[in-house]
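Peer 1: Assemble the whole structure, with the sequences as input and the hints as a guide.
Protein chains: 2
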Amino acid sequence: MGAPVTIALDAMGGDHGPSVVIPAAALALIRHPGIRFILVGDAARIEAELSAHPTLAKKSEIVHTDVAVAMDAKPSQALRRGRWKSSMWLALEAVRDKHASAMVSAGNTGALVAMAKFCLKTIEGVDRPAIAAIWPTVEAECVVLDVGANVGADSRQLVEFTLMGAALARALFGMEKPSVGLLNIGVEEVKGVEEIKAAHAVLKEAPLPIRYHGFVEGDDVGQGVVDVVVTDGFTGNIALKTAEGTAKQIGAYLRAAMRRSFLARLGSVLAQGAFRALKEKMDPRQLNGGIFLGLNGIVVKSHGGTDATGFACAIDVAYDMASSGVVERLASDITGFHAKLELEGAA
Amino acid sequence: MGAPVTIALDAMGGDHGPSVVIPAAALALIRHPGIRFILVGDAARIEAELSAHPTLAKKSEIVHTDVAVAMDAKPSQALRRGRWKSSMWLALEAVRDKHASAMVSAGNTGALVAMAKFCLKTIEGVDRPAIAAIWPTVEAECVVLDVGANVGADSRQLVEFTLMGAALARALFGMEKPSVGLLNIGVEEVKGVEEIKAAHAVLKEAPLPIRYHGFVEGDDVGQGVVDVVVTDGFTGNIALKTAEGTAKQIGAYLRAAMRRSFLARLGSVLAQGAFRALKEKMDPRQLNGGIFLGLNGIVVKSHGGTDATGFACAIDVAYDMASSGVVERLASDITGFHAKLELEGAA
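Chains as they are written, first to last, in this note's numbering: chain D, 1 to 347; chain V, 1 to 347.
For the record, the hints were derived by calculation from the structure and aren't laboratory data. Do not take every clue at face value.
You can't tell identical chains apart in this list, so a pair holds if it fits in one copy or across any two.
Dumping the calculated PhoX-like pairs for lysine-lysine here, alpha-carbon to alpha-carbon at most 25 Å [claimed, not checked]:
| # | residue 1 | residue 2 |
| --- | --- | --- |
| 1 | K121 | K340 |
| 2 | K74 | K204 |
| 3 | K197 | K74 |
Quantities reported herein were computed from a predicted structural model and do not represent experimental measurements.
Peer 2: Put into structure tokens, the structure is as follows:
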């Protein structure tokens, strides 16, 4: 179990606030009894929820604030009004000041990116942070980044995303040299945009702690062709949401098909154990949590509309990252990479 | 049934050539008895396949050529070697010279884009052609473009793609004012890249023959939120392949889940009618065919690796387009739009 890990939770973030965050913390505590929490938000509402979870109450410290970032606030607005005092900010501050190893919020993504950058700062040598998603594959899971911290990325940023994604794969999947692919619209070297071609040229040659696979296409992601898929935040966000939408759509088809006839309904009753397993596999709550990479601290973003099961999964991810030293590993990879580039530049 | 529609087929395109193309033409002929074919390629191989399809043979004219475009040829290479004489070129030429109303090829996409542009030329006022896909939704189907003719698109091209996609939706779905959405990473006006924001500003104001919905996200495509989804060829290609990959992945999960236990296997036997319906719904062959838009003629690209069922669906799409006057409608929409822009510019 190791040393206790403390996680700061933005109790006011998301569509449901403490009524989802507190039960989620209770769920995560069952899975990781060594965990401790800092719960940031309206103390009265947090305490009301905690009364149903006495074990959690004993493991938690409450930090009160009246201020919460609105789900529809623009990043600049959120920063102006919520800095120094909002539940989102104070949870980040707990990480910055080493009171917590990680923070989880279901709040406004744009606001969280802006505040996290401002509060925690990027790791030295990292230009912009990225958001990584854990994507289910037919093999197991892979890391996809950036899925929305930035719009667009130049070749240097794509290389940084590669190092960040690889560090995360090492931390979460326990692999030493993850395979990495650059998302593109064809596997031939001639295809794609200039930034991607330039990143490809660097990754092919650079002695990085990865196995560089080359280009991958949209249908390779779910096939588990590589452990880490690197792309810019615009493309990554659209790919992620398209996959989520397709899964939802097929679920709807399946339910409709199973209601079509008496035999189908009977069959679906007999097969319900199998359907349950499939549903779990396809359940977006099981993979809930955008992971911010490139900051001096661990920040996990949960879906705004998620329930306690989903938010608890985001806490699990934060716990795994905090236990595995991913931030330190990432910092040393980035430093090593830039040192090499400088040596080459000087040579 | 109307006047007979003649369709030129690149019999040598795709991974399998005449052994897929000829049986596909026979299938399409059953569905559309008024159709006629020009079959372009190696006459001996075409005739060998035709011997099994006497009805098709009577409706077909063979145009012989020894030259076929290689599936891995670069576009410039294909143009240099295949112009004037390859099966791909001669099938396009049949459309240009009005011997055929449409052409279908399962050949190399890049080569087909380059040759089609060179042979048929773009419609006056269209900067670059686009490839549209018919995407299944929980409602019905929608048009998504560009899915790979170009890498990137400026705001003017995005507006042109809008008009092209709307003309296609009118032709295929029989709707007068299709709804159109711009693919973006958030529905708020502040988000996204400059080109998309600029196109959004034009589409919001311009009196076009569409219902402009605003931004849509990746998960809105399969939900059928709009009839036409507009994006650049890089993003569109990755979204399309990601959706195809996700469908394949869920199919694999489903098969595995149904083999897990005796009850599940029994259930799946009872429900097999429903599974068959689902499989058809998810079958990528049913939606096989990238539709080239913005050219003076109808060109449909079938998947290179498809079978006769898939290639026949691509012929169906070409037939529907040829019967509905989509090229003329598109040309008049584009002319009308540019005339309006000029008037506004002069005002």
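Peer 1: Does each hint hold? Answer for all of them.
Peer 2: Status of each hint after checking the structure:
no., hint, verdict
1, K121 - K340, "within (23 Å within a copy, 50 Å between copies)"
2, K74 - K204, "between (39 Å within a copy, 22 Å between copies)"
3, K197 - K74, "between (33 Å within a copy, 17 Å between copies)"
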